[in-house]
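**Q** The primary structure of each chain is shown beneath.
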Amino acid sequence: MNVIETSELGKRYRRRWALHDCTLTIPGGHIVALVGPNGAGKTTLLTMAVGLTRPTAGTLTVLGGEPPGSPGALDHIAFVAQDAPLYRTLPVRDMLHVARNLNRRWDQRRAEDRLGQLEIPLSQKVGELSGGQKAQLALTIALARRPALLVLDEPLAALDPVAREDFLSSVVAAAEEDGISVVLSSHVLADLERVASYLIVLTQGQVRVSGPVRDLLDTHGAGLEEIALRHLRAGVPSSSRTEAGQ
Amino acid sequence: MTARTLAPGAGAAIGRRPVPWSRLAWVTLRQRRGLLIGGGALLGVFAVYMVVMAVIQHNAYAVVAACHPAAALKCQQLNNSFYRSYWGGGAGPVIAGGGAQTVSSLLFAIPVLLGAFAGAPLLARELESGTFRFAWTQGAGRTRWALSTLVLPAVVLVAATGAFTAIFYWYFWPFLADNQVSEMLPLAFALLGVAFAAWTLLAYSLAAFLGTLFRRTLPAMAVTLVGYIVLAMATALAIRPHYATPVTVRGWNNTSAWIMSQWVKAPDGQMLSQSAVNSLSQHAPPSVQNSSSPDAFTTWLTQHGYTLWQSVQPNSRFWQFQLTEGAWLLVVSSLLIAATVWLVRRRGA
Chain A
32 MNVIETSELG KRYRRRWALH DCTLTIPGGH IVALVGPNGA GKTTLLTMAV
82 GLTRPTAGTL TVLGGEPPGS PGALDHIAFV AQDAPLYRTL PVRDMLHVAR
132 NLNRRWDQRR AEDRLGQLEI PLSQKVGELS GGQKAQLALT IALARRPALL
182 VLDEPLAALD PVAREDFLSS VVAAAEEDGI SVVLSSHVLA DLERVASYLI
232 VLTQGQVRVS GPVRDLLDTH GAGLEEIALR HLRAGVPSSS RTEAGQ
Chain B
2 MTARTLAPGA GAAIGRRPVP WSRLAWVTLR QRRGLLIGGG ALLGVFAVYM
52 VVMAVIQHNA YAVVAACHPA AALKCQQLNN SFYRSYWGGG AGPVIAGGGA
102 QTVSSLLFAI PVLLGAFAGA PLLARELESG TFRFAWTQGA GRTRWALSTL
152 VLPAVVLVAA TGAFTAIFYW YFWPFLADNQ VSEMLPLAFA LLGVAFAAWT
202 LLAYSLAAFL GTLFRRTLPA MAVTLVGYIV LAMATALAIR PHYATPVTVR
252 GWNNTSAWIM SQWVKAPDGQ MLSQSAVNSL SQHAPPSVQN SSSPDAFTTW
302 LTQHGYTLWQ SVQPNSRFWQ FQLTEGAWLL VVSSLLIAAT VWLVRRRGA
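Residue numbers (my numbering), protein chains in the order written: chain A, 32 to 277; chain B, 2 to 350.
Among these hints, one or two may not hold up.
[As the list claims (entries may be wrong)] Derived DEER-like restraints, expressed as beta-carbon distance ranges:
id, chain 1, residue 1, chain 2, residue 2, range
1, A, D138, B, A239, 46 to 52 Å
2, A, T54, B, A340, 58 to 64 Å
3, B, V46, A, G95, 42 to 48 Å
4, A, E150, B, I57, 54 to 60 Å
5, B, A245, A, T90, 54 to 60 Å
6, A, D138, B, T325, 33 to 39 Å
7, B, P315, A, K156, 44 to 50 Å
8, B, A26, A, D138, 20 to 26 Å
9, A, K156, B, V156, 26 to 32 Å
10, A, G95, B, T325, 28 to 34 Å
11, B, A26, A, A253, 55 to 61 Å
12, B, R34, A, R43, 38 to 44 Å
Calculated directly from the structure, the hints in this document are not laboratory data.
Quick reminder that beta carbons are idealized off the backbone N, C-alpha and C, glycines included.
Next up, chain A with everything else stripped away, as it sits in the complex (with noise of 0.2 Å):
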């Protein structure tokens, strides 16, 4: 099954395009990292799949073969937005009650299990947690849905190092427990090098390379980050880098 599967997708804000003529098939059981600049299309890509966004032109299905947005297809993706936005004036137990109350899929004692070895007190309020525990939050709720495909929009952009590496393990172990496709999505790749299993590059609204992590390794016979790179600078003409603003 493919997770996110696109066709000539596009998406126009006035009269920019912030995605362009991408087709793309993420299949099933990866962390997949998508990799791009700021203002490259990632989070446009990312808020079609999970519905929030319709497409200006082309084909979007999720979890093989379902319209974003549809019940089936909201059931199954848990997604955290860019700063893991939850309700600030509440205590974290009203919050997970909140996130319970919208889903038919909930596991309670899970979401208070990873809470409590987090050590994020129930009656705090959301407003008052760290960056860290506020991501760790967001991701114990989208864990908590039991969902197929979690989907993170630069999950880590506004942590510091120990709590970027800390939100990384908890996806690590949860894809594993759970055997959950995971999407994430970073302006820097040195981020998502060692946790993804696949790769897709993104810059100015172009898909530029996609694959597993292995077979782009063999092909190119050079790091990660080499590869990455190369595309990165192939697809923007050096002298005009512009970096439009998401």
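Please arrange chain B on chain A, whose structure you already have, making use of the hints.
**A** Only chain B this time, still in chain A's reference frame:
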């Protein structure tokens, strides 16, 4: 395909029934807890004041009502003192500077305050803080989430303001009882019947819609306030008088009606212009011109064959007018809520 990924068909294992409304309702109520407390406190403060004043006023009015004959000077003085104390306020024993007139005008602000504070942040806060990316990607789906978020507070608001109207009736009853104040007057009409709840619902729906449209809470509140005032004024001045054709009645002493206009007819049946009436008043004898009684001139007119006429909406039309206004406000509010849901469905990230 590895065995460890879950097939999408696994959806069947958890049934096809969507997330129940009761669970969505919990989410909505939990997130609006602050509003429930704040709005409840606002209504509660007024309600407690009105209950206390209602008891005092009913006792004071019982003395006025028991005075016979009502036309006697003693009774007139009692009645005047009752109004001075409890309607106009200022000289009252309990209230300083207040009175039912002041309280009523303060209550006018409640529908738009409650509505704007309850409605504007509903979606605007989610859009401002980015939490819509959480809420709209949960299993319940954004349409059901939006319906629960919009409809449940609306029901609570209508129930609370409806109950509040009942208390207001009790408080206001002595002034309506002897027709000193017509319940058709704009001052009273909007606080009675279904109007108070219906106007609150309108302000709420407008604020929710604008909050979703602007994606900002404060501008939505500000525009709601302005839009509400314009619509409420236009309704009282230009729309409500047309719910039914006014009735023409003779005499200028109708207290049990909302007066639209009044005019004087000459003995030959000709309608007099305002300037003709003014010039008549200047030609009246000095005893009439200098009289302290406001009725002196009109009495003089009728003695000389002139007739006085009024175009009025009688009190008997109160419920007809209430239901007409309630119905169109309900329709407009429902359309605004439907438009808000539509915006949520098509809005991108």
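**Q** Work down the list of hints and note, for each, if the structure agrees.
**A** Hints and how they fare:
Range check, D138(A) to A239(B): about 59 Å between beta-carbon atoms, so the 46 to 52 Å window is missed. Judged by the Cβ atoms, the range 58 to 64 Å given for T54(A) and A340(B) is violated: they are separated by roughly 37 Å. Distance hint check for V46(B) and G95(A): the Cβ-Cβ separation is about 58 Å, which falls outside the suggested range of 42 to 48 Å. Judged by the Cβ atoms, the range 54 to 60 Å given for E150(A) and I57(B) holds: they are separated by roughly 59 Å.
The hint said 54 to 60 Å for the Cβ distance between A245(B) and T90(A), and at roughly 58 Å that hint holds. A hinted range of 33 to 39 Å for the beta carbons of D138(A) and T325(B) is inconsistent with their spacing of about 54 Å. Checked against the given bound of 44 to 50 Å, the beta carbons of P315(B) and K156(A), roughly 58 Å apart, lie outside it. With their beta carbons about 23 Å apart, A26(B) and D138(A) fall inside the hinted range of 20 to 26 Å.
Distance hint for K156(A) and V156(B): a CB-CB separation of about 29 Å, consistent with the stated range 26 to 32 Å. Checked against the hint of 28 to 34 Å, the pair G95(A) and T325(B) fails, with Cβ atoms roughly 56 Å apart. The hinted window of 55 to 61 Å between A26(B) and A253(A) holds, with their beta carbons roughly 56 Å apart. Checked against the hint of 38 to 44 Å, the pair R34(B) and R43(A) passes, with Cβ atoms roughly 41 Å apart.
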